[in-house]
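Undergrad: Listed below, chain by chain, are the residues.
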Amino acid sequence: MSDPAHVIRFADVEQTFGRDDGSAVTALEGVTFDIGRNEFLAVLGPSGCGKSTLLRLIAGLIFPTRGAVSIYDLTVTEPRDEIGIVFQRPTLLPWFDVLGNVTFPLRHKYGRVSAEDKERAQELLELVGLADFSAKRIDELSGGMQQRVAIARALLLDPDILLMDEPFSALDALTRDEMSLELLRIWSERPKTVLFITHSIPEAVLLADRIIVMTPRPGRVREIIEVDLPRPRSIATLSEPRFHALANHIRGQLFSRVAA
Amino acid sequence: MPLQTISAASSSAVSPPETKARPVAVGLRLRVWADRLAPAAAFIALVVVWEGACRIFAIPSFLLPSPSAIVRAGFEISAAQWLTNISATLRVALMGYVVAIVVSIPLAVALVNSRFLSRTLYPILVIVQSTPIVAVAPIIVVTLGASDLPRVVITFLITFFPIVVSTVTGLMATPEELIELSRSLRAGRTREMLHIRIPFAVPYIFSALKISITLAIIGAVVAEFVAAEHGLGFFIMFSTSFFKIPQAFAGLVVLVALSLILFRLCTLTQRWLVPWSLPKSQR
Chain A
1 MSDPAHVIRF
11 ADVEQTFGRD
21 DGSAVTALEG
31 VTFDIGRNEF
41 LAVLGPSGCG
51 KSTLLRLIAG
61 LIFPTRGAVS
71 IYDLTVTEPR
81 DEIGIVFQRP
91 TLLPWFDVLG
101 NVTFPLRHKY
111 GRVSAEDKER
121 AQELLELVGL
131 ADFSAKRIDE
141 LSGGMQQRVA
151 IARALLLDPD
161 ILLMDEPFSA
171 LDALTRDEMS
181 LELLRIWSER
191 PKTVLFITHS
201 IPEAVLLADR
211 IIVMTPRPGR
221 VREIIEVDLP
231 RPRSIATLSE
241 PRFHALANHI
251 RGQLFSRVAA
Chain B
261 MPLQTISAAS
271 SSAVSPPETK
281 ARPVAVGLRL
291 RVWADRLAPA
301 AAFIALVVVW
311 EGACRIFAIP
321 SFLLPSPSAI
331 VRAGFEISAA
341 QWLTNISATL
351 RVALMGYVVA
361 IVVSIPLAVA
371 LVNSRFLSRT
381 LYPILVIVQS
391 TPIVAVAPII
401 VVTLGASDLP
411 RVVITFLITF
421 FPIVVSTVTG
431 LMATPEELIE
441 LSRSLRAGRT
451 REMLHIRIPF
461 AVPYIFSALK
471 ISITLAIIGA
481 VVAEFVAAEH
491 GLGFFIMFST
501 SFFKIPQAFA
511 GLVVLVALSL
521 ILFRLCTLTQ
531 RWLVPWSLPK
541 SQR
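Note that the protein sequences, when read in sequence, are chains A and B.
If you use our numbering, the first sequence closes out at 260, no skipped numbers anywhere.
If you use our numbering, the second sequence closes out at 543, no skipped numbers anywhere.
The shape of chain B in the complex, shown without the other chains (with noise of 0.2 Å):
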């Protein structure tokens, strides 16, 4: 069976046309596999640099590890202290997200509803958003004890504010024409949120996601350096203090890793959920 599947694909491969076609499809396939390829090859470029440069200049492992040793670094660490680091991160990052969210979405809708919401509650939260958090996180550790709380709150606080400006952004981009289309029928207020606004708001939305994620992995890390007995975060703080610098580059490794697969999941969310958000070329 697969012989004459090979033959069939072979007998066609022969026909006229497909010669005639085949020179230009290889370039275009080779011309798309390098497009495809060279983001990869450039950061191997990268590390291959990176590794010499350690090696040829003998630079201590104290200053700038060599990516071997950052890998070598990291497997020293046992797999079961890894998730332990992991998980704590990932929950307090996911907790703070999810919390913004829940927060964030319904605020904005009330924003765009209530202009005196809008007049009273937007300059506050621009204060907020104008602390750094950095700074006040000690704070919070204090004021909240020691659990998860005060870093799902620094989570939060990071996270919010990215979500809450481009929801109102997009609630407000809704064209007029639209708003006069659900007038006009006598929907009310609360269909043209939910059939109009809130649907226009959606690839607002999810700009404001994908930034916040990786804020939120922010958040967690810099909660963990003020308190903290698990994480990764605090795994990084730890490994500097004992000056075991490529293991703090292993974890730093790990948390690139790490918010960069969440980023992807927000991407692959949007065209899974509403794949109409997205410009043609991304869905």
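For reference, chain A alone in the conformation it holds in the complex (with noise of 0.2 Å):
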């Protein structure tokens, strides 16, 4: 089997809405990127900037009005098994228990659950440090806690590619610094290629291998940065020089008006 170096690809990807008044608006224009195998990829910019239309592209539930985006060399052109989607939001289902919303997508997708489904999903559910909570009820659990359900439910079909919507947005401060670190254990634990939707310049910066840093509407690239600070990364990687030399380079990025 072939493995190009990319996974997905966007080659001049430029995307237009229709509003209902007729008239038109640019959400991206001439995206051009890659994303490499198993690299942990952040966007970051303003509201606005047509961040989650890239995520929507790359899930094949929008697709471009010019240019293409394609995964492993082929251009999308509908949903594919090979991604999990975790929401800002984490949406679970409230008439199933945690278990029940883990093996949702089996049973949504195929109408059954087996015995070795459930079993995979206490094994993910476990990665993401809720092995005894499997019986419980949706509303028994804190904010940060359903969003680690929403990350089990989205490694259920054992995706390549993950994308998240600036899942740990609608998290206090404390929970998300917390959940970034898990993230990455578990991402170190289950290699995966992430493209990481956010609008918080350490969230980026703690994650990412590289950052991709987009204009307001219409969204462009800005500027692609590296982020080479050494991995595993930690709560102690927050104090390193070079981390907030990387995030007040970005920060005078987003906010210089000066187009670049």
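None of these hints come from the bench; they were simulated from the model.
A quick note: this is a predicted structure, and the numbers were derived from the prediction, not measured.
The beta carbon of each residue, even a glycine, is placed where N, CA and C say it ideally should be.
Just the calculated beta-carbon pair ranges, DEER-fashion:
{"hint": "1", "chain 1": "A", "residue 1": "His244", "chain 2": "B", "residue 2": "Thr450", "range": "51 to 61 Å"}
{"hint": "2", "chain 1": "A", "residue 1": "Tyr110", "chain 2": "B", "residue 2": "Met432", "range": "20 to 30 Å"}
{"hint": "3", "chain 1": "A", "residue 1": "Asp81", "chain 2": "B", "residue 2": "Thr450", "range": "17 to 27 Å"}
{"hint": "4", "chain 1": "B", "residue 1": "Asp408", "chain 2": "A", "residue 2": "Gly111", "range": "34 to 44 Å"}
Starting from two chains that each stand alone, build the complex the way the hints lay out.
TA: So, in structure tokens, the structure goes:
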């Protein structure tokens, strides 16, 4: 099997949306970049810069107006099995317990869940640190725990690609740092190609191999930054001079009003 | 054996932590009971004031019968007669209600699924709902003849709209992310509806079912006012036409009780079938 250096490729992607009044909004323009195998790529930008559009293009939920998005050199024409998605809100189903929520993608796709599937879901719950919570109801969990369940759910079909749309932005600051480090641990145990959308600069620097900084609407790639902080990263990484240098650089990029 | 249990209980009650916690617990328990009894106490107070006013001001019973007069009038009617009337009203109300559920929920699913249907059918539904059914009832009775059918149709017409509107709202209230999750799994529209949209609509549907069950009783009574030989609506009409006002009030009391019981049954069904759809405090 061929193993291209890049897993996901955006080639000069433009995305316009029609409004109800007939006018069109350009969300993305001339977006070109690659994501390598098992790379952790963060996308950072002001709100409304089309970050979530990037994610939906990869997921095959929408298709570019111009240019092409490809996964393993195949143009995306429909949603694919090798993708797991974690949204901003956990969006769990209150009528299932925790385990039922993790196995939901299988139930939903194939109509049934086998004993093996449940075992795998239980392993995933262990991975995200909720081994003893499988029979709990959703409203018994904290926000951070719910998002852990959502991560386990996204990992159920063992995807190569994990798409995360500001997954920790609804959490309080302490839980957020904890979840970031948890995500790094999970990622090191189950390496995946990750696209992580965020509007938090420290979060992006702490997590990512590379960071794409976007411009405001229409979203363009302003800069792609290599994060050369050593791994494994920990809470101590947050106080390294290099961490602050990178964060300051990005802050400068985001707040300079003149287009790059 | 019971003696042992009592001594065990009392010995535990005497243990130090228990005695310390006791005054607080008693105060709390009193407050809990006061809270629980408040509605009943208010109701009893109202009945007492009503009875007192009727006696003191000697209000004639054809204007406002006293509670005791209503109870007496109620007991003058034989149990068999009550049963006939209750069962007639209940039958019409429940048949109309069940038909409304069976029609409304699939209709709501169809409206959500098809832009064409929602553009064409929904305005018509709003027109039907805006028509005063009480005014249409005599026409329906003439058209459909003298049987349960017109009464069930009238009940249905009063009952179905809240269920359609609430179900549509519920089906549309599903978080967009879950629909995207469903689409990313390529699960198909049917599974999206069955696994995500309909369960998400359940709390909305039950709200509507609770409103509609009381409307169903209203519908049945309206229908009986127009044309019926039995039923509580007929009974009240019949009683008032002979100036038996206490008897009419007794019929009213039975109707209210019936409505309350059915409402309660709806709540219990929800708690039994889909407890997750209730707020934590009501489970």
